[in-house]
Amino acid sequence: MTTRERVPGRATARARIATAAPAARRTWRQVRARVVSQRDSGAGFRWLELELPAGFVAPVAGQFVQLLLEFPSPVLLPRPMSVASARRVRGKLRVGFLYAAVGAGTRALSELPPGASVSVTGPLGRGYPLSEPGTPVLIAGGRGVAPLLMAADELARSRRRCEFVFGARTSGLLIGVTEARTRLTRGGSRLHLATDDGSRGFKGDVVGLLAKLAPKLERPLVIHACGPHGMLAAVARWAMANGARAHLAMESVMACGTGVCRGCPLPRSGEARQRVLAEGAAAAALKGNPEWAMCCTDGPVFESRELDWERVE
Amino acid sequence: MSHAAPKRAAIAPDRVDLSVRVGSLTLRNPILTASGTFGYGDEYAHVIDLATIGGVVTKTVTVKPRAGNAPQRVAETASGMLNSIGLENVGLERFRDEKLPRLRELEATVIASIGGETPEELETLLRALGREPGVGAFEVNFSCPNVAAGGARYWADTDRLERTLAQLKPLTDKPLIAKLSPDVTDIRDTARACERGGADALTAVNTFVAMSIDLDGMKSRLGKATGGLSGPAIKPMALARCWEAAGAVKIPVLGSGGIASGRDALEFIAAGATAVQVGTATFVEPGASTRVLAEMRTWLAANGIARVTDLIGAFRAEPAQEATTAAARNGGQR
Chain S
1 MTTRERVPGR
11 ATARARIATA
21 APAARRTWRQ
31 VRARVVSQRD
41 SGAGFRWLEL
51 ELPAGFVAPV
61 AGQFVQLLLE
71 FPSPVLLPRP
81 MSVASARRVR
91 GKLRVGFLYA
101 AVGAGTRALS
111 ELPPGASVSV
121 TGPLGRGYPL
131 SEPGTPVLIA
141 GGRGVAPLLM
151 AADELARSRR
161 RCEFVFGART
171 SGLLIGVTEA
181 RTRLTRGGSR
191 LHLATDDGSR
201 GFKGDVVGLL
211 AKLAPKLERP
221 LVIHACGPHG
231 MLAAVARWAM
241 ANGARAHLAM
251 ESVMACGTGV
261 CRGCPLPRSG
271 EARQRVLAEG
281 AAAAALKGNP
291 EWAMCCTDGP
301 VFESRELDWE
311 RVE
Chain E
1001 MSHAAPKRAA
1011 IAPDRVDLSV
1021 RVGSLTLRNP
1031 ILTASGTFGY
1041 GDEYAHVIDL
1051 ATIGGVVTKT
1061 VTVKPRAGNA
1071 PQRVAETASG
1081 MLNSIGLENV
1091 GLERFRDEKL
1101 PRLRELEATV
1111 IASIGGETPE
1121 ELETLLRALG
1131 REPGVGAFEV
1141 NFSCPNVAAG
1151 GARYWADTDR
1161 LERTLAQLKP
1171 LTDKPLIAKL
1181 SPDVTDIRDT
1191 ARACERGGAD
1201 ALTAVNTFVA
1211 MSIDLDGMKS
1221 RLGKATGGLS
1231 GPAIKPMALA
1241 RCWEAAGAVK
1251 IPVLGSGGIA
1261 SGRDALEFIA
1271 AGATAVQVGT
1281 ATFVEPGAST
1291 RVLAEMRTWL
1301 AANGIARVTD
1311 LIGAFRAEPA
1321 QEATTAAARN
1331 GGQR
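Those protein sequences? They're chains S and E, same order as listed. The numbering used here puts the first residue of the first sequence at 1, with every later residue one more than the last. The numbering used here puts the first residue of the second sequence at 1001, with every later residue one more than the last.
Hints in this document: simulated from the structure, not taken from any laboratory. Please note: incorrect hints may appear among the correct ones.
Unchecked claim - Covered stretches of chain S (in silico footprint by chain E; criterion: 3 or more residues with CB under 8 Å from a CB of chain E, positions within the stretch not fixed):
1. 73-80
2. 255-264
3. 290-302
Said to hold, decoys possible - Dumping the calculated SDA-like pairs for lysine to any residue here, alpha-carbon to alpha-carbon at most 25 Å:
4. S:Lys-92 - S:Leu-112
5. E:Lys-1064 - S:Glu-279
6. E:Lys-1219 - S:Glu-313
As the list claims (entries may be wrong) - Residues from chain E that face chain S, not an exhaustive set, calculated with beta carbons under 7 Å:
7. Gly-1039
8. Glu-1043
9. His-1046
10. Lys-1064
11. Ala-1067
12. Gln-1072
13. Val-1074
14. Glu-1076
15. Glu-1088
16. Val-1090
17. Ala-1128
18. Gly-1130
19. Gly-1231
20. Pro-1286
21. Thr-1298
Built from N, CA and C at the ideal position, the CB exists for glycine as well.
So here's chain E without its partners, still in its complex pose (with noise of 0.2 Å):
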């Protein structure tokens, strides 16, 4: 490709520099696990340090304590994973009172994901939670394609998100990151809106709304009709929302869906993604997000790659796809 870079000499893995900022946050480096797959940390304490990750996004924390919803919760379809969790969550009492401190004893970097059903939720969360020590920073789940009130479809609304995250700023003096759903007709416009209204950073994407049926019994696999799906089958759909978001906004994007690899996550890196989110990996591999670490360290020490950094946005269309993916999405409008 005419494009590409030349090659450089290799460099030793030490010497990478794996650091990236995230707002006011700076991580150790780009790797963080994904809300809903890590729990609050510690269920994995014992199998990865946390303190070598970039950090952990917790699971998404509501105001109330949630049970979520009526099995199934969960089926596997090809190459991925439907879940209708439903926010199943301890709720804020439990999270700041029991969780957190756990976190701070570990070491991690803590972005603590919280969600509502209305704008005056999140406040609430943020005014218990925005000055708690141990958080680095806080992800709003505007995304959860599983529950009734609340979730993508509300989130969706660019002038509430954009409302929503003016109210919400003046509440913390952490990186406020607004995580973004992937069902929208152009990602574009929810990712400006978010900047607009304040968000430090974007994470790209959430799961996407997804359905599999039961022939033998005419009735869904999850015990909802639809659910979100995960896994390696929505990681190039993923990296095409990621890489949208990231040419919109100049905030911070992180990338997630589908990332179990070194190369994954360095592919979303090339699109745009400041960070990456390893989610059902961990599924698979409990150790996903360290060996995902020192893949990408090992690929870009072979590359002579000294930083990171500089990968970010490494790819650029040339003119001619471009084009077609204009195109592409013009003719999706007619």
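Isolated chain S (complex conformation) (with noise of 0.2 Å):
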């Protein structure tokens, strides 16, 4: 669906641009799926390869699963998890994941061996918009890097290279930084380090460096972002005033993941509120909440102008 016939004149593209992320929706199913392996990435991040049954549908950057345990599980709902990877091996869907083991339930995921098997709902979600038109700047916080090296893959796929751009606290969290380095260079890709303490590349955050970055870069700049939410505010902020785009992946507390409980709301910016009412008084779209967007189901993936960052916690 797009909203291409419900705007008129000049909002056209910019519309057609903001539904033309892939839509997730009624193509999700559940699979037990098979752990391949599991390693330490560093800085307390391990690394998961899920095997996954052919028929799944494969996920794009900025999807998520959820992701179950089996009984006997030492937690109740399943977990989000952001898709890293995604790649046929022999007919079947190997699914890579980034995550850091801080709860009951991803210390239980830390501990489980290959051939360990685990219950996935998915693909969820919408992810990033890569065919968007413009120069690709792919901005990674800390963990936010896994996506957006899948962002990368894609577009070099596609023979489009990219600006990618990764920030940390320490350059100990740059996680995988030469993997990264290696995979973007093979695809003609630039990476740009930057840290706050300066101990590795540029002395500050990503916004800074982005800053000084895009007056070199051909306009339009299409923004796609993965990080803490107080990053993707500042990147949001940037791109508004800039007159550049951004895609930002955004993370919520999650039950179902599908849109139907309704508990993983975000704060529609103004003008995303107006566009819903005017939507829902034609009677047409489904999204129908002015106020609150659902993180699942509308995104993770949002464009700048989506959300209200004073609100976003």
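Got two chains here, each in a separate frame; can you build the complex from them with the hints?
Following this line, the structure appears as structure tokens:
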């Protein structure tokens, strides 16, 4: 579905792009997956690779799955996990995740040996609209690097280079930076590093580095970002102030992950609220709620103008 | 146990008659989805054949659309889930014009959940929906724990419940099901009030008012101080409320609260429920309701029970147990 038909005049291009991200609605399913491997990625992060049945729709960068431990599990609900890689191996799907074992559920997950099974529901949500025209600038904070490297690979497959900005508090938290450089260089893309303490690359945050790089890049810029919400808010504000578009992958506590429980609201911007109200009046839209977007089905990737960054927690 | 029924020979699973009646509505089997956990039905239609389960209780609809509460809306607790959604819904008009037609296409038995801050709002909803084709029954949500007005506390007033149901009854020829809160002094009082008012059935129970505090920030783990608790954590409590309600009225009771397996469902039926609702389990496993149904059928067949209705209320407390329960209740009131 696009909003092209409903939005007249100059707003058309933007409106079309705003809904151009791949929608996972109604293609998800719950399957049993097998742990292929798990390894430490440094700085307390783990890399998990699962094998899924061939019928599972391949996720795109920015999408997530609901990962559920089998009985007896220390937790009740599944956990949303951002997809960090997806490839076919002998007809089956191999999906990778980068995660930190911080709670009871992820700790139990980190102890699963190869061959163990877990339940996976997905793919869920809307990923990055990577076909959007412009110079792609990918901005990652911390473990946000994983889905963005997947995005860089997807861009490379359509022969597009990107500028990849990777930031962390300190050099030790630039997870997998060596592998990132190899993968990006292979596709003709460039990696730019930033650390808050200046221990590697640009001293400062990713927005500072972005501001420094931007004048050298061909406009328009189209930013795809993943990281802590504070960083994403700063990227969104920079993009809106500098005439760039930015697609930000948000996170939320979730229950169902499929839009049913209404448990993961994010505050819509005034502009988005007005648009939803106008669409609602036309009785054509299914999104409905003018105040809150659902992270799971309206996102998790949102264009900067969709959310009210003052109220994002 | 001395009262245990003699073991009967197993029968073929397809010979088990699972149909039950709720007022004038016949359900093909006793497994329903609980309101708020199954959207408006079509969200799960690609993973569940809605025509195979007993019915779909839709997300509570109010006269005007509601945006719902500010985050956080959900938090996990031990074996349970806290929610403070705040009745987010599309409102009467879009429910009738967009959601109901889709449910008719899916051939689901639809129980439409309606909610109101006043008796008059409920009247408005029933005037609009009461004779809509494709609605098999109405569940009146008298028990939302997460709204400022018209929630569980407001509807805990037995006179108000009775009066309101009497007002609503003439507005539809479909069964009216009153969904009750467990957070009352004695659920038998609210159950009887609904029966007197003309309810055709009850749902026991909605979520329990509950909370969880993040000690680091010294704040609620929800946007509001309290929410409603659901999931396996509440099953034993919900079962007791369901048993009490079923024992107090002659109308059918729909059991709800933490049901995640066929055995869970059968416990509620043994306690007196005519049908049951699967809720939070669907968030864990979207196909939970069909699995619960299959497990229920298997157990009944293995135990030689040809009609699920034969099991309704099969549990009878022994006199000594009954006395203990009564003493505990009196103790609570002293």
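Each hint, compared with the structure:
1. For a cut-off of 8 Å, the count of residues in the region 73-80 of chain S with a CB near a CB of chain E stands at 4, and the three-residue condition holds.
2. Chain E is given as covering the region 255-264 of chain S, and this holds because 9 residues of the stretch bring a CB closer than 8 Å to a CB of that chain, at least three being needed.
3. Residues of the region 290-302 of chain S lying with their CB closer than 8 Å to a CB of chain E number 3, which satisfies the three-residue condition for coverage.
4. For the hint pairing S:Lys-92 with S:Leu-112, the CA-to-CA distance comes to about 20 Å; that is within 25 Å, so the pair holds.
5. A hinted pair counts as satisfied when its Cα atoms are at most 25 Å apart, and E:Lys-1064 with S:Glu-279 qualifies at roughly 16 Å.
6. Of the supplied pair hints, the one linking E:Lys-1219 and S:Glu-313 holds, its CA atoms being roughly 14 Å apart against a limit of 25 Å.
7. Because the beta carbon of E:Gly-1039 sits about 4 Å from the nearest beta carbon in chain S, less than 7 Å, this interface hint is met.
8. This hint holds: E:Glu-1043 has a C-beta 5 Å from the nearest C-beta of chain S, less than the 7 Å allowed.
9. Taking 7 Å as the C-beta contact cut-off toward chain S, the hint placing E:His-1046 at the interface holds, the least distance being around 5 Å.
10. Interface restraint check for E:Lys-1064: the shortest CB-CB distance to chain S comes to about 12 Å, outside 7 Å, so the restraint is violated.
11. Because the beta carbon of E:Ala-1067 sits about 4 Å from the nearest beta carbon in chain S, less than 7 Å, this interface hint is met.
12. Interface restraint check: E:Gln-1072 against chain S, minimum CB-CB distance 6 Å, threshold 7 Å, status holds.
13. A least Cβ separation of about 4 Å between E:Val-1074 and chain S falls short of the 7 Å threshold, and the interface hint therefore holds.
14. This hint holds: E:Glu-1076 has a C-beta 5 Å from the nearest C-beta of chain S, less than the 7 Å allowed.
15. Restraint check, E:Glu-1088 versus chain S: the minimum CB separation of about 5 Å is within 7 Å; hint holds.
16. For E:Val-1090, the shortest C-beta to C-beta distance to chain S is roughly 5 Å, which falls under 7 Å, so the interface hint holds.
17. For the restraint placing E:Ala-1128 at the interface with chain S, the shortest Cβ-Cβ distance is roughly 16 Å, beyond the 7 Å limit, so the hint is violated.
18. The interface hint given for E:Gly-1130 is violated, since its Cβ lies 22 Å from the closest Cβ of chain S, which is over the 7 Å cut-off.
19. For E:Gly-1231, the interface hint holds, the least distance from its beta-carbon to any beta-carbon of chain S being 6 Å, beneath 7 Å.
20. Given hint, E:Pro-1286 at the interface with chain S, holds; its Cβ is 6 Å from that chain's nearest Cβ, closer than 7 Å.
21. Of the supplied interface hints, the one on E:Thr-1298 is violated, with its beta-carbon coming no nearer than about 18 Å to a beta-carbon of chain S, more than 7 Å.
The structure shown violates the earlier hints numbered 10, 17, 18 and 21.
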